[in-house]
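Chains as they are written, first to last, in my numbering: chain A, 1 to 244; chain B, 1 to 244; chain C, 1 to 244; chain D, 1 to 244; chain E, 1 to 244; chain F, 1 to 244.
Incorrect hints may appear among the rest.
Since the list can't tell identical chains apart, any single copy or any two copies may satisfy a pair.
What the hints assert, rightly or not - Distance condition first, Cα-Cα at most 27 Å in a straight line; then the derived DSSO-like pairs of lysine-lysine:
no., residue 1, residue 2
1, K6, K161
2, K50, K73
3, K127, K145
4, K50, K165
Just so you know, the hints here were simulated from the structure itself, not pulled from any lab data.
6 protein chains.
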Amino acid sequence: MYNTIKIRIITPVVSRRRQPPSDQDEYSERIKRLAGLSSETEVDRVRIEKGPPSIESRYDDAMATPDILRLIKEAEGVDGIVVNCFCDPGVKAGREITNIPVIGPCLASMLVASSICERFSVVTVLKEVVPAIEENARMYGLMDKLASTRYIEMPVLDLHKDEAKTLEALVEQGRKAIEEDGAQALILGCTGMTGMAEKLSEEVGVQVLDPLPTAVKLVETLASLRLTQSKLTYPVPPEKTMIL
Amino acid sequence: MYNTIKIRIITPVVSRRRQPPSDQDEYSERIKRLAGLSSETEVDRVRIEKGPPSIESRYDDAMATPDILRLIKEAEGVDGIVVNCFCDPGVKAGREITNIPVIGPCLASMLVASSICERFSVVTVLKEVVPAIEENARMYGLMDKLASTRYIEMPVLDLHKDEAKTLEALVEQGRKAIEEDGAQALILGCTGMTGMAEKLSEEVGVQVLDPLPTAVKLVETLASLRLTQSKLTYPVPPEKTMIL
Amino acid sequence: MYNTIKIRIITPVVSRRRQPPSDQDEYSERIKRLAGLSSETEVDRVRIEKGPPSIESRYDDAMATPDILRLIKEAEGVDGIVVNCFCDPGVKAGREITNIPVIGPCLASMLVASSICERFSVVTVLKEVVPAIEENARMYGLMDKLASTRYIEMPVLDLHKDEAKTLEALVEQGRKAIEEDGAQALILGCTGMTGMAEKLSEEVGVQVLDPLPTAVKLVETLASLRLTQSKLTYPVPPEKTMIL
Amino acid sequence: MYNTIKIRIITPVVSRRRQPPSDQDEYSERIKRLAGLSSETEVDRVRIEKGPPSIESRYDDAMATPDILRLIKEAEGVDGIVVNCFCDPGVKAGREITNIPVIGPCLASMLVASSICERFSVVTVLKEVVPAIEENARMYGLMDKLASTRYIEMPVLDLHKDEAKTLEALVEQGRKAIEEDGAQALILGCTGMTGMAEKLSEEVGVQVLDPLPTAVKLVETLASLRLTQSKLTYPVPPEKTMIL
Amino acid sequence: MYNTIKIRIITPVVSRRRQPPSDQDEYSERIKRLAGLSSETEVDRVRIEKGPPSIESRYDDAMATPDILRLIKEAEGVDGIVVNCFCDPGVKAGREITNIPVIGPCLASMLVASSICERFSVVTVLKEVVPAIEENARMYGLMDKLASTRYIEMPVLDLHKDEAKTLEALVEQGRKAIEEDGAQALILGCTGMTGMAEKLSEEVGVQVLDPLPTAVKLVETLASLRLTQSKLTYPVPPEKTMIL
Amino acid sequence: MYNTIKIRIITPVVSRRRQPPSDQDEYSERIKRLAGLSSETEVDRVRIEKGPPSIESRYDDAMATPDILRLIKEAEGVDGIVVNCFCDPGVKAGREITNIPVIGPCLASMLVASSICERFSVVTVLKEVVPAIEENARMYGLMDKLASTRYIEMPVLDLHKDEAKTLEALVEQGRKAIEEDGAQALILGCTGMTGMAEKLSEEVGVQVLDPLPTAVKLVETLASLRLTQSKLTYPVPPEKTMIL
């Protein structure tokens, strides 16, 4: 009677390192645990083959998008798709070319945060990505709920070099967001920070949203409710022959 | 390894009819089916004992609220609470007196609708409840996404007298919302309409949100993600002795 | 030729102390003096019998509301009603069940402040009531005019224990609101502070609104102009039998 | 013990006809009756000597303003000033040069309407004044509450040529505002319509605000509460020598 | 003393037809005439080599963007860049990778329209592009000025098949925008309509903005004023090795 | 083939000093250089004869306006008009009485700033003019883009007494706007500061807009594009006989 729900995570950055199949399972279990998924929901992961090694600008975002769209187009037999980057690259265009619900971690975590507080702050990696995140908030109609966007001045690929230092920086900026900017909850502003929400929450004493698990769970919610993006908002693109 | 998530639905209207225990199971199965819940999520229902037989005004809402708050205070061993009325009665106050996540169908469906479209309309029962629904949208900071609030001129307690007629009225107002008001998705504006979303969606050709299952699934999402309402937004009330 | 206008103040907190009738007159004269009312306007006061001893949370607000609504329903021979608490408890529901104009001190003082400046701050009692006040401002469509909501960290029932200390705290927060938040006028954020506006204004050098007298005078304005709440915004609730 | 409050109405249009002193009393009594003022409030009227015979454009407004400002500067022994035109000409500048509270009928009636409903419409004279009225609403931060601005296609100086016809046109546009635009109350959009609110209200069944009496009563409210425009919003202009 | 200003137009759609060099001059002269440029401003045009033949969806936009970015990166010796499509594809990312001012026709025409009216409508090609245009308006913070987005149900590549028919359709939708939606000026919502503004304006009697010439002239304005996009809004992307 | 575009600058302050004709040419060349105009655009200047010596309040603005309007009405043979004061005095009314495009430096620079960044700050002369500038931003619908309005506490007529000191004060406030208020670009908030943008930009490292040259160039843009203010926004005032 209970149907399995299959969620696909698209990682929109290239990696020179080949993942062994066992990694896939481990990753999948980790996400399921972080998102608190039921045994009936499955998670897999695919990765783009052309694009940047990390996304830290609208330029990186734009260069990753065509291959994200290819993976969205090719997705079959899945019930929900998450693009694994807080900039939500390719999500708007991707929603046009499939009937499978697609969501990004930024929209997902801003909406879930809106269900538990009135004003939240994002704590992200670099000053350079702040304008793109605020652009997202404005585009999603949620700018009034964004107390601030703070950053820890650390590139994505350095986040796991010294996790204690990363956490310390997150705590410092998180506290300022709460005390100076009026944040009532925090959102980790980079999916490279996945798994750090719980410790940060313990330190700063407010709810902290982990955007990748939040997006995975929210797309499961759409799938469970048999909902998908509106075709009036994301119409099917007219057919045409591209030169690529 | 997988923990059961228990959701409690508080029905905020009184009923003279005693529910036999078998009803409870049937109701629970129906909600689980509508919300597409996994086998590991359980749903039960309680009902207020003092208040109105239906909620169709802010006055009804206010008169139901003290007993809703009693049930929220008494809730134990549950992981999420949904107040089963589109006015979201008692939710704001209830969030202050518990650490269990509490949500209402109006906020839940407006946020989930915001994840799949840019502008949605609500189709509700009576003209009299329109101002309260728009007040909710304004309070939730989502007014810009509300294309319109339409009504079928039918009291809550008549919705199931002739379901074909109810559906017909929903289709008529739903179509107007799409064609005249620019709605890209619809929300049923009364939890008395639970179960009617699928047929309406087939008729009007856009996504339709069923607010009670949506709220049940969204509070499950909060529970899975180990999130609850922010205590900076919903502080614990100072202790005091009431005269009641 | 000139008709008397009778204003009723509903105090939405219980008191164990019985008021002697002479108190009534004294109270009435005090309010008339603070509001600068003409000799032709009369003020009386009633008090709820069931509810909290002070309102410092949405929970207190909700628990006071049913008895406030009883007093609004029973009001006869009066031309205007003010609910004496800055949270405006019961006002929205109360406006549905009477044709007598009803107003709360929060809405009244925010609107009158909007007639004399562009941005104002509220200075209230406790951090815990800030979210409810900001919710009011958002619901009233006046959030853009609210420079900040500051608090003096003093419970309602302590305000008159040492009035010099209370004033000092108000001056401190009022000055910060003006200098740091850009407030051009201040509103006392608790009707327990009634009578403290003049001294605060002298100290901080900007206009300070006293919310209870402001509400009394604004409801007199509605009565004089023969205006009352719109029945399209506050429709008469459908008749029904409550179980209470 | 009760002090008289003196309100001065500045009529910002020139007239070739000399008013006999008796007119003054009659006018005063009429305004007092319409505003429901107490016997302790007095009203007088002055008129500009240089400017247009009616205000139906921003150009007329600008040409009337210097003489309005002269009258505001010269005002002595009064407790409140109302500029008698729905465009609120000269009010912003006038507030800078006096400590007496100054208000215009547009701001006054929009704020008082905001105290009784969520959305109101203005019904004015000519299409040409609509942009100026909407500019006022935007400047006052009340645009979201303005359901529409409708007009009866009749110049100011024709309003009293056939009052039945004027009323008929008001009823027609008022009904459309209610039924098509969602207005919950109406505001007469020209002080030349003073006195027509009651009949219009009877015909259309919603509250109708008469802007001149509303402004007179609201400035009395400011005077009673010992409030005036904030000098942080309307600073005293630096002294300088004009060439005039 | 007067320096030549060189503007480059990037046409973000592929074409199988090879342009003879003479076309370049003719095109350039046409744009200069439509934009009313001085003899000292020069215009040239380049075209992407990979991407779609027309842009009618966010998907087309995303697929055209990498090659647009290549052309922006390669641009040398020019003083301003315009991306020739009303969706403004690649503009945000492109602004990060150059110090030359880059603008798109949608932002340019919405800002210039904001300098001459309060509310404008866009008339575009297909219903499918409406959500993307409204998304732009929201992202640019100009949604309140957008009276409506209307469409003529004609694909980009059909616009010049029967120009009289295209004009007729524009007139029909333009009139509705003015009469029903309150537009005070119109913007052609597709740069395929370049050159049609004058005739449309004659027919409908309001100002009509032609977005490509408007963007060319506005980027000339930035160049003249020695302004370019802020590097705080469009930071230089961190250097990294892409796999392409 | 190329037509000359003639721009008239109206200086809305009186001066006792007679300008020799040579000054006119020098002034014109300076503005052309600052705005980077082509050799085909001409600039002349006229000055009001009645009004204040500087504009530092809404009162000054109102007193200057009638003579500004006379100069707008008399303007012949010009293609664009700029009113040379950051308060944009007389612009709204002036747009009603001519078909020549009229613009003010405040609107012009806020719109051009909106084309290069998301949030800008204004740095002006005195605290007293801040509310009028924020009123402009609100009226123009651009308040969300205004990060802050800072001032250097120096009257207009002192700006050139010690330019190094003026620049120093601008640098100080500009830096605070960037670092504390989140400004991504700056606007000089007084046309008395004309010519100081370049040096300020060098010091603070962000784009700085010089409002007078910006307005001159933007009105040239309107003239080139054959655009002018919409007559639906700025209708022709009904004819009437003023008493002046």
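Hints, verified against the model:
Neither within a single protomer nor between protomers do K6 and K161 lie at most 27 Å apart by alpha-carbon distance, with minima of 32 Å and 39 Å respectively. In this assembly of identical chains, K50 and K73 lie within 27 Å of each other by CA distance both inside one copy and across copies; the values are 15 Å within and 19 Å between. In this homomeric assembly, K127 and K145 come within 27 Å of each other (Cα to Cα) both inside a single copy, at 20 Å, and across copies, at 19 Å. Taking CA atoms no more than 27 Å apart as the test, K50 paired with K165 passes in neither setting, with 31 Å inside one copy and 44 Å between copies.
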